Amino acid sequence: MSQHNTQATEEQVLYADILEKGMFAGLALMVITFALYVLGVMPSIVPVDEISIYWSQPVHDYLVAINTNFLHWETLPVGWSWMKLLGYGDFLNFLPVAILSGITIVCYLVITPGLFARKDKAMAIMALAEAVILTLAASGVLSGGGH
Amino acid sequence: MLRNIKEKAGMLFVSLMCAIMLSPAWALATEAADMAPVPAMGDPDWWKWPVILLFVTFVMGIIAVLGGVGGGVLFVPIIGGFFPFHLDFVRGAGLLVALCGALAAGPGLLKANLTSLRLAMPVALIASTMAIVGAMVGLALPTHIVQLALGGTILGIVAIMLSAKKSTVPHVPQADALSSALRITGVFYEPTTKEEINWKIHRTIPGLLTFIIIGFMAGMFGLGAGWANVPVLNLMMGAPLKISVATSKFLLSITDTSAAWIYLNKGCVIPMMVVPSLIGIMLGSFVGVRLLKVAKPTFIRWMVIVILLFAGLKAVQKGLSTMGISLF
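Going down the list, the sequences are from chains B and D. Heads up, the first sequence is in the numbering used here, so the first residue is 1 and it goes up one at a time. Heads up, the second sequence is in the numbering used here, so the first residue is 1 and it goes up one at a time.
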């Protein structure tokens, strides 16, 4: 008879719980923010009937165009600059996208102390390294969008 | 009887959509939209594209579930080839499509212990790091080069789908030193045989090295990488098929996260494209799961291969036409 346990490990269940909560929060918020945007409840930086002018352009040309036509900033709206525009429907939609993209970092950070406590050093270091890499990617430093 | 009619109507609908998407008329129409000069004024019919996108991604969600492929691998070549959106935004949206699919499936797979976190962690570390590099390279290269490479990759995926074998429980005589040190092993219950299956892996170092390439390609093209993850985990490293499929799905939530941040920070997210795509593909996935009981797997598999073949050729053709080379 098998001595093995087919149950998921403690950190695996913990990771799953956080991932699930973040996923539902992100998706629910995405539906709400998109409704606010598309129904015109909130103003948008790029009017909805003009967005089709821009979506066929390369991203750099698109950023230059919306900056020239609407934002008039000194630098292009890259990195976390969308945070300054959360009062506008189109950029408010970046918030759920950031939650969905960021929840994995939280999962890794939460399981790391438990792995260290169980002296599972290799996995703990990997979890920490993954959290650092994802945080670097999120910061915009790697993509030159941090400013 | 009513249910039978509904099921047949569903399958007919899927077949019809495939026929429409494969139609040369559709290709020419979208090509015209792609080539059209940028209008000086806003388009009063702007709403038609998000609506069409919602409809097409809904069908794509059904096909993805029935064909056993991720949404991203269908999304990028089809939307990039046949819609007026620039490939930069399509790749950003494709990563988010694959990411959301993985986030939706991940918690259940982890709790059921079909996904192995211990197997996923070293693989994810390599793949997500390389996905960042791939995303940065992909956004730095000229669009036609990326389009051409994407077409080549999609045609390569078709070749893998045609040739790759699967092994339900691969024979692993002995775990290698690295996987033993990292304790990458597990047990899962197989209900069909009512057995507890102990599994371990081998060839860990070559397997991990392969994820350098897989991660790079996932980031560069905005594709989910399930098409490559599963054969490597299953055939090369010797993880059972169920563990490989589940761990691969979960892996996308990490690999695509890292690349998604690069695209997000570079401004490659247009909510009017992303949100209808996510809603469409998720609703389609729900319907696909219900159709799974009545679908004919061989037919669906061939349908996916034909769609990818056509989309791959279309991407190559678009890339070459920008360089002044006519393929057809």
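Careful, some of the hints might be misleading.
Claimed, not checked - Capping the alpha-carbon separation at 25 Å, the derived lysine-lysine pairs in BS3-like fashion look like this:
{"#": "1", "chain 1": "B", "residue 1": "K121", "chain 2": "D", "residue 2": "K111"}
{"#": "2", "chain 1": "D", "residue 1": "K165", "chain 2": "D", "residue 2": "K111"}
{"#": "3", "chain 1": "D", "residue 1": "K194", "chain 2": "D", "residue 2": "K166"}
{"#": "4", "chain 1": "D", "residue 1": "K200", "chain 2": "D", "residue 2": "K166"}
{"#": "5", "chain 1": "D", "residue 1": "K48", "chain 2": "D", "residue 2": "K166"}
{"#": "6", "chain 1": "D", "residue 1": "K111", "chain 2": "B", "residue 2": "K21"}
{"#": "7", "chain 1": "D", "residue 1": "K166", "chain 2": "B", "residue 2": "K121"}
{"#": "8", "chain 1": "B", "residue 1": "K119", "chain 2": "D", "residue 2": "K200"}
{"#": "9", "chain 1": "D", "residue 1": "K194", "chain 2": "B", "residue 2": "K119"}
Don't read these hints as lab results, they were simulated from the structure. These figures come from a predicted structure and were not determined experimentally.
> Which numbered hints turn out to be false for this structure?
Replying inline: 2, 5, 7 and 9
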